[in-house]
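J.: One-letter residues, chain by chain:
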Amino acid sequence: MSNDPETEFLKRVRAQLDQDARELDELTVARLRAARRQALDAGPRRMRWLAAGGLAAATVAGLVALLLLTPAASPPANGLEQLELLADADIEVYDNLEFYRWLAEQRRAG
Amino acid sequence: MRSAAPASTGLRWEERLESRAALDRFLAGVERRALRMAEIATGSRDEALDIVQDAMLLLARRYARRGEHEWGPLFHRILQNRIRDWYRRGKVRRHWLDWLNANDEDEDDALAGIADPGSRRPEDELGNTRAGHALEAALHALPRRQQQAFLLRVWEGLDVAATAAAMDCSEGSVKTHFSRAVHALREQLEDHWP
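Heads up: the sequence lines are chains A and B, in that order.
Residue numbering for the first sequence follows the numbering used here, starting at 1 and increasing by one per position.
Residue numbering for the second sequence follows the numbering used here, starting at 1 and increasing by one per position.
In short, the hints are calculated from the structure, not lab data.
Given the structure is predicted, the values throughout are model-derived calculations rather than measurements.
You may find that some hints are simply not true.
Ranges between beta-carbon positions, derived for each pair [said to hold, decoys possible]: (1) B:Arg-20 - A:Val-64: 21 to 29 Å; (2) B:Ala-28 - A:Gly-54: 28 to 36 Å; (3) A:Ala-30 - B:Ser-170: 35 to 43 Å; (4) B:Val-92 - A:Ala-15: 31 to 39 Å.
Yeah, the Cβ is synthetic: ideal placement off N, Cα and C, and Gly gets one too.
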């Protein structure tokens, strides 16, 4: 193991941070425990919501496909309409696309 | 007479209990470091507790069914997003406070009672060692991205790829932020840890 000054410095920083975390006061520890309980009791979202979300997404996708595949039957959506369609989607999914890709890569690698 | 529950139901119940216990272990293992990271970022223990609570809730609600090995990067991604949101809200709040102060100079200072998020409680200060206090001040003074990269790499032990995923940036950016953070911290703390 390297004993260069930077490694030593980082070891000391880590030790100090660990000590600070260990020495948290009782009230803070109790509040953390309560927050953890609350999260565990909340549990995962119910499947029916996921199913409803999936159904809604499929419906939207179907409508979009219908609009795109039948240009003669309906005028093309203008920019504002397209923006509204996007606004209905889960923006967080787009925001985290890069992260989901990374997770998938990790899973494949593992 | 009541019929016995099907074996599959019992198994699912056991799986659910085991899954809950696993998530409990994970959160218990990470919660103190998460709190300190959020506290260093915000300068406020109460704000940090709120941020960690939100992150725990979101992980449990959305990702409890994911594999345990995914919880770490996911939790830190959520935590860092919450800290980023806190900074953004702070910017808006400061903007309004500046505006109110500029318009209410002659009136009583109704905002004087609002806690300064950067302030620390005296009892917290007393518990810190001198070096610990200097470290916290130096970490708090780092630009947010440098602070994140440093704490995730050094304290949480994430590798460069996982840190980049948690911070939503490239691996090159993580290396740059980390290197600058180490340089700045060594310079500021050389009196304590030469």
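J.: All the hints need checking, so say for each whether the structure fits it.
T.: Hints, one by one, checked against the model:
Between B:Arg-20 and A:Val-64 the CB atoms are about 39 Å apart, so this pair departs from the stated range of 21 to 29 Å. With their beta carbons about 33 Å apart, B:Ala-28 and A:Gly-54 fall inside the hinted range of 28 to 36 Å. Evaluation of the 35 to 43 Å hint for A:Ala-30 and B:Ser-170 yields a pass: the beta carbon distance comes to about 40 Å. For the hinted restraint 31 to 39 Å between B:Val-92 and A:Ala-15, the CB-CB distance of approximately 38 Å keeps it satisfied.
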